[in-house]
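Okay, here's what each chain looks like letter by letter:
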Amino acid sequence: MRSILTIYRKELSDYFSSKKFLILLGLVYITGLTSIYVAIQNIRAAAQSSTDALVFLKLFTTSGDVLPSFLYFLSFFIPIIGIVFGFDAINSEKSSKNLSRLLSQPIYRDSIINGKFLAGITTMTIIVSSIILVIAGIGLRVIGVPPSAEEILRIIIFIAICVCYGTFWMSLAMLFSVVLDKTATSILTSVAIWIFFFFFVQIIASAIANAMAPLENASLATQIRNFNIGLGINRLSPSYLFMESITILLIPSGSHLFLRAITTSDISNMILSPLSLGQSLIQVWPQIIAIIALAIICFAISYVVFIKQEIRST
Amino acid sequence: MENYIITTKNLIKKYGSKTAVDNLNLNIDKGSIYGLLGPNGAGKSTIILMILGLTEPTEGFISVADFNPIKEPLKIKRITGYLPEKVGFYEDMNAFQNLEYTGQLNGIPAKELALKIEESLKIVGLENDRKKIVKYFSKGMKQRLGIADVLIKDPQLVIFDEPTEGLDVEVANQILETIRELNKTKQITFLISSHQLNLVQRICDKVGIMSNGKLIGEGNVKELSDNTFGGNKYQIEVEIIGDIRKVSEKIKSLKDIKSVSVIENSLLIGTDEDIRQEISKAITSLDNVILTKMNMKDFSLEDIYLNYFKEV
Chain A
202 MRSILTIYRK ELSDYFSSKK FLILLGLVYI TGLTSIYVAI QNIRAAAQSS TDALVFLKLF
262 TTSGDVLPSF LYFLSFFIPI IGIVFGFDAI NSEKSSKNLS RLLSQPIYRD SIINGKFLAG
322 ITTMTIIVSS IILVIAGIGL RVIGVPPSAE EILRIIIFIA ICVCYGTFWM SLAMLFSVVL
382 DKTATSILTS VAIWIFFFFF VQIIASAIAN AMAPLENASL ATQIRNFNIG LGINRLSPSY
442 LFMESITILL IPSGSHLFLR AITTSDISNM ILSPLSLGQS LIQVWPQIIA IIALAIICFA
502 ISYVVFIKQE IRST
Chain B
368 MENYIITTKN LIKKYGSKTA VDNLNLNIDK GSIYGLLGPN GAGKSTIILM ILGLTEPTEG
428 FISVADFNPI KEPLKIKRIT GYLPEKVGFY EDMNAFQNLE YTGQLNGIPA KELALKIEES
488 LKIVGLENDR KKIVKYFSKG MKQRLGIADV LIKDPQLVIF DEPTEGLDVE VANQILETIR
548 ELNKTKQITF LISSHQLNLV QRICDKVGIM SNGKLIGEGN VKELSDNTFG GNKYQIEVEI
608 IGDIRKVSEK IKSLKDIKSV SVIENSLLIG TDEDIRQEIS KAITSLDNVI LTKMNMKDFS
668 LEDIYLNYFK EV
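In order, the protein sequences belong to chains A and B.
Using the numbering used here, the first residue of the first sequence is number 202, and each one after it goes up by one.
Using the numbering used here, the first residue of the second sequence is number 368, and each one after it goes up by one.
Derived by calculation from the structure, the hints in this document are not laboratory data.
All C-beta atoms in this analysis are idealised placements derived from N, C-alpha and C, irrespective of residue type, glycine included.
One or more hints might be untrue.
Claimed, not checked - Restraint ranges, calculated between C-beta atoms of paired labels, are given here:
| hint | chain 1 | residue 1 | chain 2 | residue 2 | range |
| --- | --- | --- | --- | --- | --- |
| 1 | B | 425 | A | 228 | 45 to 53 Å |
| 2 | B | 502 | A | 227 | 22 to 30 Å |
| 3 | A | 309 | B | 589 | 57 to 65 Å |
| 4 | A | 269 | B | 482 | 56 to 64 Å |
| 5 | B | 536 | A | 326 | 51 to 59 Å |
| 6 | B | 441 | A | 238 | 17 to 25 Å |
| 7 | B | 425 | A | 382 | 19 to 27 Å |
| 8 | A | 326 | B | 427 | 41 to 49 Å |
| 9 | B | 427 | A | 309 | 20 to 28 Å |
| 10 | B | 426 | A | 382 | 29 to 37 Å |
What the hints assert, rightly or not - Capping the alpha-carbon separation at 25 Å, the derived lysine-lysine pairs in DSS-like fashion look like this:
| hint | chain 1 | residue 1 | chain 2 | residue 2 |
| --- | --- | --- | --- | --- |
| 11 | A | 220 | B | 502 |
| 12 | B | 489 | A | 509 |
| 13 | A | 298 | B | 442 |
| 14 | B | 442 | B | 553 |
| 15 | B | 489 | B | 453 |
| 16 | B | 499 | A | 298 |
| 17 | B | 506 | A | 383 |
| 18 | B | 442 | A | 509 |
| 19 | B | 613 | B | 625 |
| 20 | B | 648 | B | 622 |
| 21 | A | 383 | B | 453 |
| 22 | A | 298 | B | 502 |
| 23 | B | 381 | A | 509 |
| 24 | B | 581 | B | 381 |
| 25 | A | 298 | B | 619 |
| 26 | A | 509 | B | 622 |
| 27 | A | 220 | B | 385 |
| 28 | B | 498 | B | 478 |
| 29 | A | 383 | A | 211 |
| 30 | B | 553 | A | 220 |
| 31 | A | 220 | A | 298 |
| 32 | A | 221 | B | 499 |
| 33 | B | 619 | B | 664 |
| 34 | B | 453 | A | 298 |
Unchecked claim - Some, not all, of what chain A presents toward chain B, calculated at C-beta under 8 Å:
| hint | residue |
| --- | --- |
| 35 | 203 |
| 36 | 204 |
| 37 | 207 |
| 38 | 211 |
| 39 | 298 |
| 40 | 299 |
Starting from the given sequences, assemble the full structure and let the hints guide the process.
This is how it looks when you write it as structure tokens:
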């Protein structure tokens, strides 16, 4: 445990003094503050058109005519933050010839990967929670409405989901840093996977769904089948799971309706009211568990590969 | 086993079908400087990894200071310093911070650690560079910092992989001097893996020669020389112009000659007496033969090494 803490402290201090941390923090703050500006401009209209009383959450979900909401920015930046903190975790130690020296110290090998992993999670948590708290603080000052207890809980869970999602990307990047010797290759591979999940899975899902259940002159059953195929494929993407979970959590009125195929007659029979926190959590629980499981799987693979790797100094 | 810091018995390490270390029986005395020689792929680095518990033997027994590297790797690493061939440091940290990190990983209390760092830096002559960022260090300075790094934990055993590779003569000499000094004053055992035979010859008490995972020769330079070149007291090297076979026959007829080997236009004569005068007379008595050179030969480790690999 002592060695994990030593490595954790060193990594944490490295992250906080590194240029990549400052650049990421700057980027996240610029986009975060831009999105809060947009949200404040449009929050009155958004609040009036909404049926629920959770106005404070609209700071994070309201978009403008041109700029998207903070949620969208965050879904874009969290994978980048995760990848940046993981892509060179192990292979940079190898290429700088530090790993052999580290391994010859009286520490268990897993202390190295565990220490780095924990430091990465801590740094991500600080970045994500600080920007969310800054936005909340500015919002509180500008709109003058304090958050309710439920809103605070939703924000805390939102931060936790963001950290889990970032941890998945960090674990994936860390896996590549263990398997691939060159840092450039590991970052490129991680970014390629992120681009695939973020941009292409939806296109592929739609193409496959349309091929399997064409919508042209389709019956209601075919339309539902098309929706379900598309949804099933989309849910293979961690980015989609993340967006689903945080949207339902932060937009409790109606967003959950997109989780399954619903006909207009279904809607006409519904009494639309915002979901309580418990109900929202029940809706997104599978998505959250899937994200956590993916993060654990990636970390477990990198852990096992690293433990079994033979490290030579040459 | 008490006098040995490292003992291996029938040690085997295989990577798939390839045998990296083959039935190795090695005993390294406490307080000695042991040189491990051999070409690339001979199995030297694999032995070092097994000693440190960083890879498991396929078969056989290994003990380091009476600890088992597989079951007790941390106990071994606590008393063993390892300086790899290409030593790396955190380049954006200064020398003191790098050593401080090593000390923290070794669980040395902060107060004691500061003193140890100062002492280690002084031993390697870097006491005035403690606050210098490591990226501005020369290769020699980094190597010296590497020695300071292994000294932090007060090791009983230090393993150096090519400690003077790529260093200029002056720096290499300083490092050798430091090793000798540490061996003498602190009774630290050194295991040095190197290609640089003159270095090994200069400082090692005992040498092991490895080839294809096997220990093909072991002993001090004199023992190795005797085993390799017949154990004669004197080896006289003679160069001539003329019929070398005729000269060889003439010398063989002399008294006290143990062996005569012909190597191109020179002869290597093994004898227990210094009979250079008799040899000279015998050669000059022959027609059409000119003696161009004659000297008493001390076998260097390089001669022994080359002879081993000529045979292998």
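These are the hints, each one checked on the structure:
no.: 1; hint: B:425 <-> A:228: 45 to 53 Å; verdict: holds, 51 Å
no.: 2; hint: B:502 <-> A:227: 22 to 30 Å; verdict: holds, 25 Å
no.: 3; hint: A:309 <-> B:589: 57 to 65 Å; verdict: violated, 44 Å
no.: 4; hint: A:269 <-> B:482: 56 to 64 Å; verdict: holds, 58 Å
no.: 5; hint: B:536 <-> A:326: 51 to 59 Å; verdict: holds, 53 Å
no.: 6; hint: B:441 <-> A:238: 17 to 25 Å; verdict: violated, 55 Å
no.: 7; hint: B:425 <-> A:382: 19 to 27 Å; verdict: holds, 25 Å
no.: 8; hint: A:326 <-> B:427: 41 to 49 Å; verdict: holds, 48 Å
no.: 9; hint: B:427 <-> A:309: 20 to 28 Å; verdict: holds, 24 Å
no.: 10; hint: B:426 <-> A:382: 29 to 37 Å; verdict: holds, 30 Å
no.: 11; hint: A:220 <-> B:502; verdict: holds, 17 Å
no.: 12; hint: B:489 <-> A:509; verdict: violated, 38 Å
no.: 13; hint: A:298 <-> B:442; verdict: holds, 23 Å
no.: 14; hint: B:442 <-> B:553; verdict: holds, 20 Å
no.: 15; hint: B:489 <-> B:453; verdict: holds, 22 Å
no.: 16; hint: B:499 <-> A:298; verdict: holds, 20 Å
no.: 17; hint: B:506 <-> A:383; verdict: holds, 23 Å
no.: 18; hint: B:442 <-> A:509; verdict: holds, 20 Å
no.: 19; hint: B:613 <-> B:625; verdict: holds, 18 Å
no.: 20; hint: B:648 <-> B:622; verdict: holds, 13 Å
no.: 21; hint: A:383 <-> B:453; verdict: holds, 17 Å
no.: 22; hint: A:298 <-> B:502; verdict: holds, 13 Å
no.: 23; hint: B:381 <-> A:509; verdict: holds, 15 Å
no.: 24; hint: B:581 <-> B:381; verdict: holds, 13 Å
no.: 25; hint: A:298 <-> B:619; verdict: violated, 57 Å
no.: 26; hint: A:509 <-> B:622; verdict: violated, 65 Å
no.: 27; hint: A:220 <-> B:385; verdict: violated, 45 Å
no.: 28; hint: B:498 <-> B:478; verdict: holds, 18 Å
no.: 29; hint: A:383 <-> A:211; verdict: holds, 22 Å
no.: 30; hint: B:553 <-> A:220; verdict: violated, 43 Å
no.: 31; hint: A:220 <-> A:298; verdict: holds, 22 Å
no.: 32; hint: A:221 <-> B:499; verdict: holds, 24 Å
no.: 33; hint: B:619 <-> B:664; verdict: holds, 18 Å
no.: 34; hint: B:453 <-> A:298; verdict: holds, 6 Å
no.: 35; hint: 203; verdict: holds, 6 Å
no.: 36; hint: 204; verdict: holds, 6 Å
no.: 37; hint: 207; verdict: holds, 5 Å
no.: 38; hint: 211; verdict: holds, 6 Å
no.: 39; hint: 298; verdict: holds, 3 Å
no.: 40; hint: 299; verdict: holds, 4 Å
In this structure, the earlier hints numbered 3, 6, 12, 25, 26, 27, 30 are contradicted, and the remaining ones agree with it.
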